[in-house]
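Residues per chain are reported as follows:
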Amino acid sequence: MRAGVFLCQCGGNISGVLDLDDLAAHVRPMDGVTTVAINQFMCGTEGHQMISEAVEDRGLDHLIVASCSPRFQGPTFERIARELRLGENAVAFANLREGCSFIHKDQPELAQEKAKKILAGAIARAQHQSDLPRQRTFLHRSAVVVGGGIAGMTAAEELAASGIEVHMVERQPSIGGYMARLSKTFPTEDCAMCSLAPRLTSTALEGRVHVHTLTEVDEISGPPGEFSVKLRHRPRYVSEACVGCGECVPVCPVKLPNDFDFGVSERKAIDRQFANAVPSTFAIEKKGWSPCKSACAVHTSAQGYVALVAAGRFEEAYRVASEPNPFGSVCGRICTHLCETACARGKVDDPIAIASLKRFVADTVGPTVPVQPAPIVHEERVAIVGAGPAGITCARDLADLGYRVTVFEAQQVAGGMLRTGIPDYRLPHDVIQREVDQVLAKGIELKLGRRAGTDFTVDGLLEDGYQAVYLATGLQKSAEAPLPGDDLGGVTRAVELLRELNLGGTPIVGSKVVVIGGGDVALDAARSAIRLQKQAGKEPDVTLVYRRSKVEMPANVTEVEEGREEGLTVEFLVQPLAIEGKGSKVASIKLQRCALGEPDESGRRQPVAVAGSEFELVADTIVFAVGQALVDDFAQGCDGLELEAGQICVDRDTMMTTREGVFAGGDAAAMGFYTAIEAVAAGRRGAASIHNFLRGQRLLPVWDDEREVARPTEEELAAIAIGQRVPMQMVDGLQRRGDWREVSDGYTAEQAVAEAERCLNCAVCSECDSCVRACPSGAIDWDQAETIEGITVGAVIIATGHQEFDARRKRSLGYGRYDNVMTQSQLARLLAAAGPTAGELERPSDKGVPKNVLMLQCVGSRDCQSSGNEHCSAVCCLFATLHSSLIKQHYPDTEVTIGYTDLRAPGKAHEEYYKLVQSRGVRYVRGRVSEIIEEPDKSLRVRLEDTLTGRKSEELFDLVVLSAGLEASEGTKDIAHVAGLQTASAGFIKEYHPKLAPVDTQRTGMFVAGTAQGPKNIPDSIAQAKAAAARAIGMLSTGFVLTPAQVAASDPDVCIACGVCETVCPQGAVAVTTGADAHSVVDPNICRGCGICNAECPTGAIQLGGFSDEEVLAEATV
Amino acid sequence: MAAAPAASAAGRETGVGQPAVAGRSVVAFCCRECAYAAADASANARTSLPPTVRLVLMPCTGRVSPLHLLSALAEGADGVMVAGCLEGQCHYREGNFNAIDRVAFVQRLLKSVGVAPERCRMFTMSAGEPPKFVAAVKEMDRVIGGLPPLERSAVPAVARGAA
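Chains as they are written, first to last, in the numbering used here: chain A, 1 to 1118; chain B, 1 to 163.
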């Protein structure tokens, strides 16, 4: 060290008591002291020059300044050192004035000794003072304002007026915040929107303010002046083409509580929060796909048609239901309806009867819809082999795309397995025929009785001018399951039995029938056998044996129940061993009981035979229903077509077979085994693939992208009143088994509406497209998706506001349970001229004007015990006073009582306003309410104690309004987390210093304004917003920021990563890294230099610059 | 709080109350937000103070560690004091509470080796309370004056070594 000691006389203040020459002589020989100088005023120009010359001439690297307290001239000498390029931390101070001469005048000898010690301490300290690094960040002249309420708008406008680019981030669809929801404002009783609306417009029109609505801040990183902010823009689904006409609102079938109105009204899934909203563009709330839509193989918007049924709009419901699926009436009866399995309502009571509702709309509306031939757009011709659900759907989609389509069907009737495999009582033939005919009416040619490979070949089709062929021939025969005795007379197979039956024949069954299998086909065969026996005049005797239990059964469970109603015997966990004959005929079947073992690759538990459990059942007819198999005659004359394990090989992405131009789908294709709806989905994929093939480009997606599934939360589900599904009329089981009538009648219109109203609207928007049709400017845009945008800004202002205390947490007050208990914010909406009642006060239970209103203060404020909130919410006394005044002026006959804890009206003109309102006849009672009880007529019995007089009373009120306190909004809690800011009680953001730095946060460059910081009224929010803007403007005007010199730093070689520093740091500036070389790291942008970490560190790895242990100890131990 | 380990009565410093003795020294670790400012204010009012007490500026009393206190005692001070912000008014939230805990810890340590625990004291004040600072210094001077010069060997060796 080469230090210079500079002794200041301070014009006699120091030299009058201390002998500076003696001190100079004392320190001159000390280690590291190069030069000593004395001046009258070391802080003056002369002193400055003296120091400069000494540094230059003697090559000093440290200055020891012996003068006044470092709190006075410290910064001056530090600046001089910086100017002389001695770096940070080059000055040590000996406080000879306040620390010695001023206070020991009467003991000069002792003072002289003490001064020597002080000087020695400073010199010793300087030995350990080394330069401290500072990081420099150039500032971006821009800011992000989080929150678009009155505070955020004010701050944004102030910043913009100073030429700073502002990104305003608002999570709601419109800016405006809480103020936009108020009726009037105290104490002037002027309308909130009247003063807010011009600000909304001016903020939006200010060129330097970029308003991002439906946007949230996901991340803030980097140093002050250069914050990297990640914005997440949620889709609005309405483009800027929206002219704000509102045609979309009445047609939207989805109603939900209006959150903008605090639930006192309903809104639609497409909505604009308020008339003056900025931007004026409407927005659609969509949470993804509803569980029902996601579960459906063709992703039918079930929530959409259910919502339209609930609205009584059956034609539109049919449009939504039939758009992806031409077989509405069919699927409404026989679909496996995974939509119902997925239905969220099923977690509460019964899932919505989605299939039955589909059947209702398709049966009622379907026959009335006229079908025109689809215009031919493309020259290419497509042949479809097989008129089942896959083939017919493929034909329909291709016809809609403008292709000429011919369908070839081997049977004399179209419909495939739907027609030949399912008996009439479950799916009437005329229902299938109608839906097939409607598809054919699009101009599709159907050729019946033409079997591929026999009557024509695929090669022939391609030679005849068909450019593409779709094979959807299905699995037309029963799978073989060899069993001893299966060649005996009376052994038959389900597919063949049902086909004979459905094509008009009468298959012969004996008097004791055993059906083997557990699928829908087995049930169909068994229940048909009952009817055939009955028709033949026999007493029904049919037993179904299945080797697994009911849980593993692929057939619909209701089928089993309906079969049992008709007299069917079902034996679970039983497998066949052999068929015993008598002569050439079946006499009995040998069976064995099973137990369930381990699950196989399909996830179903495998049956394991139970030894010694064999038994015999007398039977004359055995029906096998153990799967289906391909009839591959079409492969004759189809060069290059490959089969794999009894199905046609297809490419999963193109649906093309191994033969160019030949596609396949449905049961016949090697994509798995299909249900009817999966066959429809396969048909759609086939049509898309053929279109892409013929057009030579990938125009249509073959597989739908799965969307995020919207599911109600457990909390939302818990709030739903338990009900039940509207039951459907059924024909009695014993009656119906005698004929082929349909088992159930279907819903009536009233039943359908009632059932549809149970829907929870999981995804909010049901994607019914009603708005798309209604919008005159084509503004609905389903292609919008969530996007992430990164911006860099110099400063951050947080103005994320507050929310009302959830008054349900005070259970005794009945909010959420009693109709006529509301909160002050809800009342504000009712009293607002532009609110849901146009300013009329309505009692929720009967819409009448309340005659006797009680307002209850301090709900969730000043109430540590039951709400956890100790703070006063600051605005409620005047909020209640304002509303009481408005009620009293509009309804002079209505009595208003305010039950308060202490009346607090400290703002400007607030006390005067309170006195004025009191003079208008509002009764103020100091007291708290113990309990509120709802009377049968919905009025409220309130036990009230007047704490001034001690009088207890019980009174009846028509309406109770709770002045629920203010808590930090969810947005405030979220941004505190994202930005790493500390919060105080009720989640409000903690300011850097409650008095001296009320708009600074503990992070440099981040400021807080409005109710995000704590409860306050509108003028205070505005004042604070302007203060925050001024702080940001001040910082951004400096060009760059330096990290402070006095910050902590950790030595990774010494650090043991114990994490104590991270725990004790009041700023959250320290983090411990992970991995093998874990150690603590201090962010110099956040550290404020308190040194608590340094004191707590067990190894001394973390040291505070300027106050390291070496520096402190050197000074303290001289 | 656990009781301090009992020290033998013979090895123990006896109480206070003797007349002030010159030559004693006290190191005062003062928070720059409060106590150091109060000291400046009292000095600017020319309030006389006993010259026993020498100030060391700290950013926060939370920065003061037992090492500092014990080292100062080991290296020549007869007493140490920590002067920080009023409870609940720390500029870094709870640094002064950390200091209070550490002073109590050092007091227990001193007591356990037979040194009068009052040689280490904690005081709190705001920047606007110079009289509190003056009173604290006088109190410290009175206490230390009432005790004999500190026997260096009595101070825990670990502290002396660490310095």
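The hints are simulated quantities; they were obtained by calculation from the structure and are not laboratory data.
Incorrect hints may appear among the rest.
Said to hold, decoys possible - Quick look at which bits of chain A chain B covers, simulated, 3 or more residues with Cβ under 8 Å:
id: 1; stretch: 109-120
id: 2; stretch: 634-647
To be verified - Calculated lysine-lysine pairs in the DSS-like style (CA-CA distance at most 30 Å, straight line):
id: 3; chain 1: A; residue 1: K995; chain 2: B; residue 2: K132
id: 4; chain 1: B; residue 1: K132; chain 2: A; residue 2: K105
id: 5; chain 1: A; residue 1: K888; chain 2: A; residue 2: K973
Stated by the list, open to error - One-sided excerpt, in silico: chain B residues whose CB lies under 10 Å from chain A:
id: 6; residue: D40
id: 7; residue: L49
id: 8; residue: V53
id: 9; residue: Y92
id: 10; residue: A104
id: 11; residue: Q107
id: 12; residue: R108
Don't be surprised by glycine CBs; every beta carbon is placed ideally from N, CA and C.
Okay, the hints, checked on the actual structure:
1. 109-120: holds (count 6)
2. 634-647: Since three or more residues must qualify, the claim that chain B covers the stretch 634-647 of chain A is violated, with 0 doing so at under 8 Å.
3. A:K995 / B:K132: Holds, at about 22 Å.
4. B:K132 / A:K105: holds (21 Å)
5. A:K888 / A:K973: Outside the cut-off at roughly 38 Å; violated.
6. D40: holds (5 Å)
7. L49: holds (4 Å)
8. V53: holds (9 Å)
9. Y92: holds (4 Å)
10. A104: violated (14 Å)
11. Q107: violated (17 Å)
12. R108: violated (17 Å)
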